[in-house]
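As given, the protein sequences belong to chains X and V, one line each in that order. Once you know that position 84 of the first sequence is 84 in full-length UniProt numbering, the rest is easy, because the numbers rise by one and skip nothing. Once you know that position 27 of the second sequence is 27 in full-length UniProt numbering, the rest is easy, because the numbers rise by one and skip nothing.
Among these hints, one or two may not hold up.
Estimated spans, in silico, between C-beta atoms of each pair [as the list claims (entries may be wrong)]: (1) V/257 <-> X/247: 51 to 61 Å; (2) X/98 <-> V/313: 32 to 42 Å; (3) X/66 <-> V/16: 50 to 60 Å; (4) V/16 <-> X/196: 51 to 61 Å; (5) V/161 <-> X/7: 21 to 31 Å; (6) V/227 <-> X/312: 21 to 31 Å; (7) X/30 <-> V/14: 23 to 33 Å; (8) X/33 <-> V/313: 32 to 42 Å; (9) X/4 <-> V/98: 54 to 64 Å; (10) X/121 <-> V/14: 29 to 39 Å; (11) X/120 <-> V/33: 52 to 62 Å; (12) X/252 <-> V/101: 21 to 31 Å; (13) X/164 <-> V/62: 39 to 49 Å.
Chain V stretches covered by chain X per the calculated footprint, using a threshold of three residues with CB under 8 Å from any CB of chain X [to be verified]: (14) 93 to 105; (15) 271 to 282; (16) 310 to 316.
Note that these hints are calculated values from the structure, not bench results. Fair warning: this is a prediction, and the values are worked out from it, not measured in the lab. Just so you know, even glycine gets a beta-carbon here, dropped at the ideal spot from N, CA and C.
There are 2 protein chains.
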Amino acid sequence: MTPALIDAAHTRAQGHLALTPLLNAPLLDRLAGRRIFVKAECLQVTGSFKARGGWAAVSALAGSCAGVLAMSSGNHAQGVARAAAAHHLAAVILMPEDAPEIKIANTKAWGAEVVPYNRATTDRDALAREIAERRGYAMIPPYDHPEVIAGQASVGLELAEQARAAGVSEAEVLVPCGGGGLAAGIALALATRAPGLRLRTVEPRGFDDMARSLATGTAARNARLSGSLCDAILTPTPGRLTLPLLQDLAGPGLVVSDDQALAAMALAFRSLRIVLEPGGAVALAAALFSPDLPATVICIASGGNVDEQVFTEALRRHPHQSHSPEQSPPAC
Amino acid sequence: MTPALIDAAHTRAQGHLALTPLLNAPLLDRLAGRRIFVKAECLQVTGSFKARGGWAAVSALAGSCAGVLAMSSGNHAQGVARAAAAHHLAAVILMPEDAPEIKIANTKAWGAEVVPYNRATTDRDALAREIAERRGYAMIPPYDHPEVIAGQASVGLELAEQARAAGVSEAEVLVPCGGGGLAAGIALALATRAPGLRLRTVEPRGFDDMARSLATGTAARNARLSGSLCDAILTPTPGRLTLPLLQDLAGPGLVVSDDQALAAMALAFRSLRIVLEPGGAVALAAALFSPDLPATVICIASGGNVDEQVFTEALRRHPHQSHSPEQSPPAC
């Protein structure tokens, strides 16, 4: 992983990806007792940051294969499917049968062939290898791949400039973490562009393989592969590329509950007017509900592909609470 | 109304307002059979474009009064309250008792004093004049005021540049319309900056005073003042400043139903991951469901301050529909 690889991926993506805004809201600052900024990757094309890594990997391959294959519960699927369509490549995506309906539908809408599998009974990796070999397709791993990490790093390139424009030079950057591709990419970009912004990963409780791996220095595994609403970031163990990078560049990992993620979704709806999925809301949840964070925190809101039932449940469980009129007016 | 007034308001707002993104989604294009861009003013500070006009009017006044007073069902309220707080001015806001709870709460959170009134039984204008005179406060009208129109015009300044960057030189720009301040401001800005972008107003069915006024050339009145979910854009009649401007600069007015606005909210949730209120979604509804629009349409999504009950109802009434697999993949 070199700065040149990150810059090259960024250059190839010009005009094909959105520069997502850095949002903030006085309501969130007041609730948390700290300044909170939110990098809204839910507004990225395909609804998540995965469009960045997908574009980087597919654009690096173009011309060398008949098609691409990816395994994904939905966000990587859409990122790869969109990039493949734009490069006139066929795309096969292996998706778990229980992936959110909206993610399956959107992946198909990008023209990809979706192959469903059962998380418990199918050997997903073997099935993927078989299809890729038979058809001559290139595999695009979801996180443990230099081009994918280089693509996600563009979040960090943008953030370094946006934080500077907002007058923020010292902060913690909280990043939702599955395999660690987004976190590793951002950490690499910030290390050279904004060294005062220090990265921390955020995971759902019970799926904190990265936090435990960072604490002990060896790759830990999760006991389960399902059972959290945060479907986008449930991975068995950190990547072989991402863990060493984050050991060098990240602080201790944070963990939040599913209910805290739902509360963050409701607050983002109400105060930022953005739609987050549970896995995309864990960093905001940590910023709102974790003790011992610094005065300024930047959260990556990594995705917004959520079925309406889950979103409605977040609003139902966490309804609007009237503000106390004694609260002082926020500064602008 | 002069270009200099617009430019001066824009300059005074630098660093105090968001430059909102211009979004698009293949799903919306496919549904509508045309290219749709969405200027996401729901991501503006305070959750609507009204922060622009509020800032322009209050910043023009600063130093000349003890405080400000506004009448608003909620979005203008928040825009004025925020600007007043930033300029260390007191703010009194007259709000109808049936305004959405979220808007009342957010207005109070900005430090404003909220005076509720009954839409049917209170003489709102008399009450406002009485309070303003007694306290020495300046009235900030919601739309029929040169500084307010000049402030809203900054949406058009940004849009002219964003459309150029997206390669769009010919399009219709659909704008949610209550009193016409946003539409008039944008039309003025586009007339000089992007003359190929032609403006059309959009109103809820039964509250189409602007469309009827534009058709006949004389100010029409709505028969009712309530009875639509689009609370943000229910006004009795066009403004005395805004109507002549729009007669010069706008095409025929468009009208949509409340249910079309709810459908647009559900589609914006699903494909753009933004939160819209009904009144903020009428332009997108027109872009999706009106016949006889050109190949490229830009919608202003003017606000996102919506109670969760209304939002949940939009998702319930307009659930996700699976895409047909025969649909071709979208171009990027």
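Structure-based check of each hint:
For the hinted restraint 51 to 61 Å between residue 257 of chain V and residue 247 of chain X, the CB-CB distance of approximately 57 Å keeps it satisfied. Between residue 98 of chain X and residue 313 of chain V the Cβ separation comes to about 27 Å, which falls outside the hinted range of 32 to 42 Å. Here the CB-CB span from residue 66 of chain X to residue 16 of chain V is close to 53 Å, well matched to the stated 50 to 60 Å. The beta-carbon spacing between residue 16 of chain V and residue 196 of chain X, approximately 25 Å, falls outside the hinted interval of 51 to 61 Å.
Between residue 161 of chain V and residue 7 of chain X the beta carbon distance is about 26 Å. The supplied range of 21 to 31 Å therefore holds. Restraint check, residue 227 of chain V to residue 312 of chain X: a C-beta distance of roughly 26 Å satisfies the suggested window 21 to 31 Å. A beta carbon spacing of about 25 Å between residue 30 of chain X and residue 14 of chain V agrees with the range 23 to 33 Å that was offered as a hint. Evaluation of the 32 to 42 Å hint for residue 33 of chain X and residue 313 of chain V yields a pass: the beta carbon distance comes to about 34 Å.
A hinted range of 54 to 64 Å holds for the C-beta pair residue 4 of chain X and residue 98 of chain V, which are about 60 Å apart. The beta-carbon spacing between residue 121 of chain X and residue 14 of chain V, approximately 59 Å, falls outside the hinted interval of 29 to 39 Å. Checked against the given bound of 52 to 62 Å, the beta carbons of residue 120 of chain X and residue 33 of chain V, roughly 42 Å apart, lie outside it. A beta carbon spacing of about 39 Å between residue 252 of chain X and residue 101 of chain V contradicts the range 21 to 31 Å that was offered as a hint.
The hinted range of 39 to 49 Å is not satisfied by residue 164 of chain X and residue 62 of chain V, whose Cβ atoms lie roughly 29 Å apart. A stretch counts as covered by a chain when three or more of its residues have a beta carbon under 8 Å from one of that chain; for the region 93 to 105 of chain V and chain X the count is 3, and the coverage holds. Three residues within the 8 Å Cβ limit are the bar, and the region 271 to 282 of chain V against chain X gives 5, so the coverage statement holds. Evaluation of the coverage hint for the region 310 to 316 of chain V: fulfilled, as 4 residues show C-beta separations to chain X shorter than 8 Å, against a requirement of three.
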